[in-house]
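*Asks:* Those protein sequence lines, which keep their order, are chains A and B. The opening position of the first sequence corresponds to residue 2 in the working numbering, with each subsequent residue numbered one higher. The opening position of the second sequence corresponds to residue 676 in the working numbering, with each subsequent residue numbered one higher.
By construction, these hints were calculated from the structure, which means they are not laboratory data.
Simulated restraints, written as ranges between beta carbons of each label pair:
no.: 1; chain 1: A; residue 1: T157; chain 2: B; residue 2: L787; range: 26 to 36 Å
no.: 2; chain 1: B; residue 1: T702; chain 2: A; residue 2: P185; range: 23 to 33 Å
no.: 3; chain 1: A; residue 1: R328; chain 2: B; residue 2: G766; range: 27 to 37 Å
no.: 4; chain 1: B; residue 1: A726; chain 2: A; residue 2: L263; range: 54 to 64 Å
no.: 5; chain 1: A; residue 1: Q364; chain 2: B; residue 2: A724; range: 37 to 47 Å
no.: 6; chain 1: B; residue 1: G741; chain 2: A; residue 2: E109; range: 47 to 57 Å
no.: 7; chain 1: A; residue 1: S315; chain 2: B; residue 2: A769; range: 41 to 51 Å
no.: 8; chain 1: A; residue 1: L412; chain 2: B; residue 2: G766; range: 53 to 63 Å
no.: 9; chain 1: B; residue 1: L787; chain 2: A; residue 2: E402; range: 47 to 57 Å
no.: 10; chain 1: B; residue 1: V784; chain 2: A; residue 2: E284; range: 47 to 57 Å
no.: 11; chain 1: A; residue 1: P331; chain 2: B; residue 2: G741; range: 37 to 47 Å
no.: 12; chain 1: A; residue 1: E109; chain 2: B; residue 2: S728; range: 46 to 56 Å
Note that CB positions come from ideal geometry on N, CA and C, so glycine has one too.
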Amino acid sequence: MEESTRESVRQVVEGVYRAESRRVLATLIRLIGDFDRAEEALHEAFATAMEQWSREGVPANPRAWLVSTGRFKAIDAMRRRERLDASLPDLARRLDEGAGSAAFRDEELEDDQLRLIFTCCHPALSPSTQVALTLREVCGLATEEIASAFLSAPSTIAQRIVRGKAKIRDARIPYQIPSLSDLPERLDSVLAVIYLVFNEGYSASSGGSLTRPDLSEEAIRLGRLLVGLLPDPETIGLLALMLFQESRRAARTSPEGDLILLEDQDRSLWERGKIREGRALVEQAIASQRFGVYTIQAAIAAVHAEAETASATSWATMVAWYDMLERAAPSPVVALNRAVAVAMRDGPLAGLELIDAILNEGQLTEYHLAHAARADMCRRLGQTIEARESYQKALALARQEPERRFLERRLRELG
Amino acid sequence: MKYLLLIYTPEQTWTESDRQACYAESTQLTHELHAKKQYLGAAPLHPVALATSVRVRDGKRLVTDGPFAETHEQLGGFYLIEAADLDEAIGIAARIPGARKGTVEVRPVIDLPGLPEVKA
Chain A
2 MEESTRESVR QVVEGVYRAE SRRVLATLIR LIGDFDRAEE ALHEAFATAM EQWSREGVPA
62 NPRAWLVSTG RFKAIDAMRR RERLDASLPD LARRLDEGAG SAAFRDEELE DDQLRLIFTC
122 CHPALSPSTQ VALTLREVCG LATEEIASAF LSAPSTIAQR IVRGKAKIRD ARIPYQIPSL
182 SDLPERLDSV LAVIYLVFNE GYSASSGGSL TRPDLSEEAI RLGRLLVGLL PDPETIGLLA
242 LMLFQESRRA ARTSPEGDLI LLEDQDRSLW ERGKIREGRA LVEQAIASQR FGVYTIQAAI
302 AAVHAEAETA SATSWATMVA WYDMLERAAP SPVVALNRAV AVAMRDGPLA GLELIDAILN
362 EGQLTEYHLA HAARADMCRR LGQTIEARES YQKALALARQ EPERRFLERR LRELG
Chain B
676 MKYLLLIYTP EQTWTESDRQ ACYAESTQLT HELHAKKQYL GAAPLHPVAL ATSVRVRDGK
736 RLVTDGPFAE THEQLGGFYL IEAADLDEAI GIAARIPGAR KGTVEVRPVI DLPGLPEVKA
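Just chain A, with the same shape it has in the complex (with noise of 0.2 Å):
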């Protein structure tokens, strides 16, 4: 065969592969009925294609031929092993009959992505081990990937997927889409490693580089996924959430990698289509009216980016969003943002207030953002001590390097 030939179909395999592994996987595993075998028979037709395809062309729909060649992959290992081990029930047999045409469907194959989500966030699995999971089976990240976003070591994402896939396996978590009674239930925690994974990307929690965008591009695709497949007004919400805060991504840091605050961005910088596409989705949630958390916190980034500058910003739609929040899903991290949108509608002392009942219920002690919100309505009020204090508070709670140089900095400013 041609050298030329032969690399043009190495090409349209790896376009395929792209494209299209991550759905015949996710189909494989429901026709095998175990994850490590069809991750086998998945790389099997991926080695056949290229043999094959570069002697009788690509066919006309890689997708179903990868499907069914990894079906007979698999049915060949396992005749294989069954020779080997007598003692193995006839899954080869069952695999041949179990897989009608019905197996290749459409609907059916888009399905089949939602087990593989809907398997990898089963909340039986811990939420490290979901979030390892779906980045290696959803996503198809390589092992050392995750590692390196994650800052852990490759052997213990490795091991976190193998004891992941193991307890699938053997404690029998079903490869399905939950029924109706237990999908919401179950729907939130996919959407919890969704926005895990994003938060990761965009915040992380250590180390000297804020944002890791990588991950962020990853949570919002897997975003738009599972709103093409279950368009849910929270999945909805959480998409349009992440696409307003990945807006702000290139406005968030300077140069230097310092962290610039909400009021001072340069909203010129601030991404208009992931706005405009951000804002759609928004409205689209909120219209159905049984929409959550997510939504609410993405009406909350919408009031921001409508404003053309911090001044701008209409503070009583921002407190009346927060207030819908805190009785959506009460917590003392809520009640801070709340007490910020209260100072910039009624003043810092309104503001200050607020923080003060907070921390003296005994909750945020230790949350340097609860010490940066207070030191901030402190420095506004001229209280220069209390203000010094409490940013002092606050940097030595915080953890990241970017924080840390921007409450340096605003500790300087007070002279």
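On the provided structure of chain A, position chain B as indicated by the hints.
*Replies:* Quick look at chain B alone, frame taken from chain A:
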């Protein structure tokens, strides 16, 4: 697949009438499971005050008063069920009255070949 559902609750929070209501509700649940051929066994346990722990070390028997571990919540009963998968087992666990007071731990059971058969 068989699952063992272990019910852990703080013992001291149960009043006598709580207990009677729980027994009645549980009995009902076991009959429902039995009708669906999912019931393999269930029982409430006496309080940990009646527990005795036995260990054998170097061939020597060590018998002590009390449960295996002193914990805030105590093992107070169990169900052994047959379920198609973990989701079905979780669904049954959520219907056990003790789940509202404490925690039901769902443990898949290893099917060890060669054990005597007990009919469901």
